[in-house]
Amino acid sequence: MYALVDGNNFYVSCERVFRPALNRCPVVVLSNNDGCAIARSNEAKDLGIKMGAPYFQIKHLEVTEGLVALSANFALYGDMSERMMSLAAGLGPEQEIYSIDESFITLHGVRDVTRRAWTIRDRIARGVGIPCGIGIGPTKTLAKLANAIAKDAERKPGSYPAHLARVCNLAELPRLELQAILEQTHVGAVWGIGNRISNQLNEAGIANVWQLTQADLGTIRRRWSVVLERTVRELRGESCIALEDAPPPKKMIACTRSFGQPVEDLGPLIEAVSEYASRAAEKLRRQRGLAGQVQVFAHTSPFRPGPRFSRSIVVPLLRPTADTALIVRSAVDGLRRIYEEGYELIKAGVILLDISDGTIKQNELDLGEASKDRSALYGALDKINMRYGRGTLHLASTGLEPGSARWGMRQERRTPRYTTNIEEIPVARC
DNA sequence: TCTGGGGTCCTAGGACCC
DNA sequence: TCTGGGGTCCTAGGACCC
Numbered sequence: 000m001y002a003l004v005d006g007n008n009f010y011v012s013c014e015r016v017f018r019p020a021l022n023r024c025p026v027v028v029l030s031n032n033d034g035c036a037i038a039r040s041n042e043a044k045d046l047g048i049k050m051g052a053p054y055f056q057i058k059h060l061e062v063t064e065g066l067v068a069l070s071a072n073f074a075l076y077g078d079m080s081e082r083m084m085s086l087a088a089g090l091g092p093e094q095e096i097y098s099i100d101e102s103f104i105t106l107h108g109v110r111d112v113t114r115r116a117w118t119i120r121d122r123i124a125r126g127v128g129i130p131c132g133i134g135i136g137p138t139k140t141l142a143k144l145a146n147a148i149a150k151d152a153e154r155k156p157g158s159y160p161a162h163l164a165r166v167c168n169l170a171e172l173p174r175l176e177l178q179a180i181l182e183q184t185h186v187g188a189v190w191g192i193g194n195r196i197s198n199q200l201n202e203a204g205i206a207n208v209w210q211l212t213q214a215d216l217g218t219i220r221r222r223w224s225v226v227l228e229r230t231v232r233e234l235r236g237e238s239c240i241a242l243e244d245a246p247p248p249k250k251m252i253a254c255t256r257s258f259g260q261p262v263e264d265l266g267p268l269i270e271a272v273s274e275y276a277s278r279a280a281e282k283l284r285r286q287r288g289l290a291g292q293v294q295v296f297a298h299t300s301p302f303r304p305g306p307r308f309s310r311s312i313v314v315p316l317l318r319p320t321a322d323t324a325l326i327v328r329s330a331v332d333g334l335r336r337i338y339e340e341g342y343e344l345i346k347a348g349v350i351l352l353d354i355s356d357g358t359i360k361q362n363e364l365d366l367g368e369a370s371k372d373r374s375a376l377y378g379a380l381d382k383i384n385m386r387y388g389r390g391t392l393h394l395a396s397t398g399l400e401p402g403s404a405r406w407g408m409r410q411e412r413r414t415p416r417y418t419t420n421i422e423e424i425p426v427a428r429c
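Position 232, counted from 1, in the first sequence is what numbering that gives the first Met the number 0 calls 231; the numbers after and before it change by one each time, with no gaps.
Hints were generated in silico from the structure; no laboratory data involved. Just so it is clear, CB atoms sit at the ideal spot from N, CA and C, and this is done for glycine as well. Check before you lean on any hint, since a few could be wrong.
Stated by the list, open to error - No farther apart than 30 Å at their CA atoms in a straight line, the calculated lysine-lysine pairs in the BS3-like style are these:
1. Lys282 with Lys346
2. Lys282 with Lys249
3. Lys155 with Lys58
4. Lys44 with Lys346
5. Lys282 with Lys250
6. Lys249 with Lys346
7. Lys49 with Lys346
8. Lys44 with Lys58
Claimed, not checked - Computed Cβ-Cβ distance ranges for the label pairs, DEER-style:
9. Arg310 with Ser355: 18 to 28 Å
10. Ala161 with Arg122: 20 to 30 Å
11. Gln178 with Gln56: 39 to 49 Å
12. Ser355 with Gly89: 34 to 44 Å
13. Ala74 with Pro160: 31 to 41 Å
14. Gly108 with Val225: 30 to 40 Å
15. Glu93 with Asp264: 50 to 60 Å
16. Trp117 with Glu263: 52 to 62 Å
17. Gly65 with Glu237: 45 to 55 Å
18. Pro267 with His162: 53 to 63 Å
19. Arg220 with Gly305: 41 to 51 Å
20. Lys155 with Cys24: 18 to 28 Å
Using the sequences plus the hints, can you model the full thing?
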């Protein structure tokens, strides 16, 4: 048996903890550069604001409807998440943190599951201030579905029986009631079924979850995929997706950003890509991995008229490494190869690929002889950035010498909080 | 004027190789 | 008329998730 604990409208709820005045207002949290809405309060949803709605399209609601739009504060959300997760863990013996606002919990050995779920929900509400929904079912997919039902029952009274609101335990429902609930639930609500497959299922006469559970497995596999077949089995109560208590190491690590303003010239592009590469390398070291390849991409806006540009390149590294200098250099080399003048680029990114486990023989693999110094330097760099904020200190790169890199401090956007003379920092041989 | 940033898995075509 | 078979790598894109 599994539970899924999920914070409601998570980013918005985090903001409301510190600004209770926002409690009954329509609120959205915006992405980087205030580009689009990535979290919405119920009131904002009721105004018809869709997930991912561009800010410029909803801005007028600030005037007409009292909408409050906030810039995202991911450090805050990460912190609130940790507190919520540690309380949620009290629900059962094992926990898988699935995303910033969701965790699966196994329930074997837990007695009086539904009551305990209410208790935990209450603890999170009082201790952290985040309202949660809790779904319970025999498989992860059913727990997810139960969670979706718990939310709908709360938000749209009448959509489901009121006793399923906030905490919904599908496992304790009488068979006929469960069937009725599943018949009321659209296939698109199921974890793993997006818009595309939902439409295809509808065309095939499978509109609700109950119908999907009755479908022939062989047909599902042939017409769609083994992935959908697994989902159907899970909906029938056959557990196919196990709890992952230790997150598997990432197979790719990306750092990508949209620019506030379009960028045309190589210089600023190199600056940006250097910083992304440096951040990606930091994430890589955090999971003690080594990358074998670096991918770089840049593209123009898919929404704006004008000449289109979208290119990417994979640069193989001589040997697997987590060395910021090598990764930055490769990324910049790749960028130079794909770059072309005359395009208004709005986004670029660096993706580390072919990631292997660096805990074995990291020292030998990592570098030549310069590397011992360098890995101490990176350790210090990562610690400083963790303590004083991401990007306090980073590896800079100039457009002047191809592939050159030097240590520098980021000055923009943030009052420097770390004030050592740069000259005192050893210069890496890059 | 203004459209996020991560991830996973799968498929397919072309280049290139033996 | 008719043009191997199998493999890898790269690039691109589609589908899903948060």
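Handout entry: Those earlier numbered hints the structure runs against, lowest number first
Key = Violated hints: none at all, because every hint is consistent with the structure.
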